[in-house]
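**Student:** Chain by chain, the residues run as shown.
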Amino acid sequence: MTYIPISPKERDAMLSTIGVKSLDDLFDAIPAKHRFPKLDLPKALTEMEAMQELSDIAQANENVRGDLISFLGAGMYNHYIPSAVDHMLRRGEFYTAYTPYQPEISQGTLQAIFEYQSLMSALTGMDVSNASHYDGATATAEAVNLAYAQYRGKRKKVVVSPTLHPQYRAVIRTYTQGMELEVAGDDANTNLESNPNELINLVDDNTSIVIVQYPDFFGRVYDYTKLIEAVHAKGALVCVVANPTALAMYKTPGAMGADIVVGDGQPLGIPMWYGGPSVGFFTTRKNMVHKMAGRLVGETVDNRGQRSYVLTLTAREQHIKRERATSNICTNQGLIALGTAVYLSLLGKTGLRQVAELCYQKAHYAAKELSKIEGMGLCFTEPFFHEFALCVNRPVEEVNAHLLEHGILGGYDLGQDYPALKDHMLIAVTEMNSKEDIDALVEVLSEVSHD
Amino acid sequence: MNAPANLKYTKSDEWFDPATGAMGITDYAQSQLSDIVFVELLVDEGDTVEAGKPIASVESVKASAEIYASASGKVSAVNKGLSDKPETLNSDPFGEAWMIKVEGGSTGDVMDSAAYEKYCEERAH
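So the sequence lines, in the order shown, correspond to chains A and B. Numbers in the working numbering are just positions in the first sequence, counted from 1, shifted up by 13. Numbers in the working numbering are just positions in the second sequence, counted from 1, shifted up by 143.
Bound conformation, chain A alone (with noise of 0.2 Å):
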């Protein structure tokens, strides 16, 4: 498509419809001393020299790709990446491209949503997954929208295990702000250890959802299939924010009865960047596919009978069903559901397993080495993946800037969302960590229980 810029011409015949002489009587309201101040930069410089200046600021951070050793996880986690799925999202078929409005034209792109759909089912164990959220906290806030529309508004008590991640509590209350939800469950101050079959105490005929984590905040896994048994006894709907890396080699919630499944796909490929962007996974059963929001990808054959993708059951959404529809957002992350899906292509049903299986090895080697030092201690006894919350009596901040003076990036500061979890780091190993690499994090962390 060629841009016409306006002509000379066409811009006056705009400006006397109404009724100005040029331009700069549009911005009269702007008092004149503010509308062109001085902006004292300082001299231009040239590519190389801004090259060089820029690449000095960067080399100021400090990354995991060889500066820093890393324990830090708390829903972000460093797994290897595949230098394939770096060169698949460069290619500009896919790396320029916004979901076109006449989306049957880009074959390739829905071939690549479907097949992300279809590996996030089959991970899930659910019937139908979506195009892809913003990131887990905004697909987690999805169920509940999918909730509030299953019962129609009826049901006004959404319960929140407190062991879901604070931020992702934090952006449901966001989302059902003027909702006149009650948010049930969603304490800091709450037994931790207690357990999740104990939520349903919190669930009555008013409830439309119940949310937990698999593995939960603190990276121990639980087996909901009674709890979600109980919901479903009240006619609620349960949903599980689970860790895609842990659906290798654990039960999947489908397995257990879960109605919607979502969570966040940066374990899968995607690195940690600055916290994001990330891409949110959801799944539901096939009887709420018509309650779910965003796009959805199908296969189908075409006039000549051959293989084709189409958007299908666009009625659901915004832009056609409107305020009636279950959410106001029908975006997807195209590009970073793309990278999974190249990730999970490129290791396979086997190779995926192998990595839960070396982060749940080393996580445990890490734990028991910790758990040995004279003063600290693992908090929760449960059985856990690839993460566990370590009591290393003192303030994290203080220990977490002892660890990076040896290059080492420590854990997550639990006292920050949970009160009674004071002077307790969340400490995440990965298949990154070599036994060399946790060795060191045990040795600096006997120096500091002596000091």
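Everything labelled a hint here was simulated from the structure, so no lab data went into it. Keep in mind that a hint or two might mislead.
As the list claims (entries may be wrong) - Listed next, the in silico DMTMM-like pairs over lysine to aspartate or glutamate satisfying Cα-Cα at most 25 Å (straight line):
(1) B:K196 x A:E193
(2) B:K205 x B:D235
(3) A:K167 x B:D178
(4) A:K264 x A:D218
(5) A:K448 x A:E75
(6) B:K223 x A:D218
(7) A:K334 x B:D227
(8) A:K334 x B:D178
(9) A:K247 x B:E183
(10) B:K196 x A:E336
(11) A:K169 x B:D235
(12) B:K154 x A:E336
(13) A:K169 x B:D187
(14) A:K170 x B:D190
(15) A:K299 x B:E230
(16) A:K385 x A:E395
(17) B:K205 x A:D140
(18) A:K299 x B:D190
(19) A:K435 x A:E460
(20) B:K244 x B:D190
(21) A:K264 x A:D236
Stated by the list, open to error - Ranges between beta-carbon positions, derived for each pair:
(22) A:G318 x B:G195: 43 to 49 Å
(23) B:Q175 x A:R165: 22 to 28 Å
(24) A:I17 x B:K223: 28 to 34 Å
Said to hold, decoys possible - Beyond 12 Å from chain B on every Cβ pair, some chain A residues (computed):
(25) P44
(26) Q120
(27) D218
(28) T327
(29) A328
(30) E330
(31) S384
For glycine and all other residues, C-beta sits at the position ideal for the given N, C-alpha and C.
Got chain A; can you put chain B on it based on the hints?
**Tutor:** For chain B alone, coordinates are given in the frame of chain A:
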């Protein structure tokens, strides 16, 4: 356009059967919506509905529409099987695809079949 003589019709293309208290969408409505893939009834047995207020939501491959009550009254029955067979709204809108039945239904502003047929023809041009 098929419009049985024993029924009453609304301007928003719903029908009402004064003999049985049943209501649903017309043949004209289903033809305008094209293939219907989803229907959700918004009221339950025992609810009170008011003429002109939503009782159902339908989605076709291209559109979504709210269906309004063609009469006021207390809901005595809802067609529970309809959501499993939304395609019957296309194949049998006046029969199998009834949506709800009301007791003592009083209609609002409705037309007889002759007036409704004329109303549909006018819109076809």
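**Student:** Give a verdict on every hint.
**Tutor:** For each hint, the structure was consulted:
1. Note on B:K196 and A:E193: the hinted pairing holds, with a Cα-Cα distance of about 23 Å set against a maximum of 25 Å.
2. Distance hint between B:K205 and B:D235 is fulfilled; the C-alpha atoms sit about 20 Å from each other, no more than 25 Å.
3. Straight-line distance between C-alpha atoms of A:K167 and B:D178 comes to about 29 Å, which puts the hinted pair past the 25 Å bound.
4. With a CA separation close to 29 Å, the supplied pair A:K264 and A:D218 exceeds the 25 Å bound.
5. Distance hint between A:K448 and A:E75 is fulfilled; the C-alpha atoms sit about 22 Å from each other, no more than 25 Å.
6. Taking the CA atoms of B:K223 and A:D218, the gap is near 21 Å; set against the 25 Å cutoff, the hint holds.
7. Straight-line distance between C-alpha atoms of A:K334 and B:D227 comes to about 21 Å, which keeps the hinted pair within the 25 Å bound.
8. About 16 Å separates the Cα atoms of A:K334 and B:D178, which keeps this hinted pair within 25 Å; it holds.
9. With a CA separation close to 22 Å, the supplied pair A:K247 and B:E183 stays within the 25 Å bound.
10. The hinted pair formed by B:K196 and A:E336 meets the criterion: a straight-line CA distance of about 16 Å does not exceed 25 Å.
11. In summary, the hint linking A:K169 to B:D235 is not supported, as the alpha carbons are separated by about 37 Å, beyond the 25 Å threshold.
12. At roughly 22 Å between alpha-carbon atoms, B:K154 and A:E336 fall within 25 Å of each other, so this suggested pair holds.
13. Of the supplied pair hints, the one linking A:K169 and B:D187 holds, its CA atoms being roughly 18 Å apart against a limit of 25 Å.
14. With a C-alpha separation of about 22 Å, the suggested pairing of A:K170 with B:D190 holds against the 25 Å cut-off.
15. About 17 Å separates the Cα atoms of A:K299 and B:E230, which keeps this hinted pair within 25 Å; it holds.
16. With a C-alpha separation of about 18 Å, the suggested pair A:K385 and A:E395 falls inside the 25 Å cut-off, and the hint holds.
17. Taking the CA atoms of B:K205 and A:D140, the gap is about 23 Å. The hint holds against a cut of 25 Å.
18. With a C-alpha separation of about 28 Å, the suggested pairing of A:K299 with B:D190 is violated against the 25 Å cut-off.
19. With a C-alpha separation of about 20 Å, the suggested pairing of A:K435 with A:E460 holds against the 25 Å cut-off.
20. Annotation: proposed proximity of B:K244 to B:D190 holds, straight-line Cα distance about 11 Å (limit 25 Å).
21. With a CA separation close to 8 Å, the supplied pair A:K264 and A:D236 stays within the 25 Å bound.
22. Between A:G318 and B:G195 the beta carbons are some 47 Å apart, a value that agrees with the proposed interval 43 to 49 Å.
23. The beta-carbon spacing between B:Q175 and A:R165, approximately 25 Å, falls within the hinted interval of 22 to 28 Å.
24. The beta-carbon spacing between A:I17 and B:K223, approximately 58 Å, falls outside the hinted interval of 28 to 34 Å.
25. The beta carbon of A:P44 sits about 49 Å from the closest Cβ of chain B, which is more than 12 Å, so the claim that it is off the interface holds.
26. Interface exclusion of A:Q120 from chain B stands, the closest Cβ pair being 19 Å apart, more than 12 Å.
27. Every CB of chain B is more than 12 Å from the CB of A:D218 (nearest about 14 Å), matching its label as outside the interface.
28. For A:T327, the non-interface assignment is contradicted: its Cβ lies about 8 Å from the closest Cβ of chain B, within the 12 Å cut-off.
29. The Cβ of A:A328 sits about 4 Å from the closest Cβ of chain B, inside the 12 Å cut-off, so the non-interface label is violated.
30. With a minimum CB-CB distance of about 9 Å to chain B, A:E330 fails to clear the 12 Å threshold, and the non-interface call is violated.
31. At the 12 Å boundary, the C-beta of A:S384 stays outside the reach of chain B, the nearest C-beta of that chain being 53 Å off.
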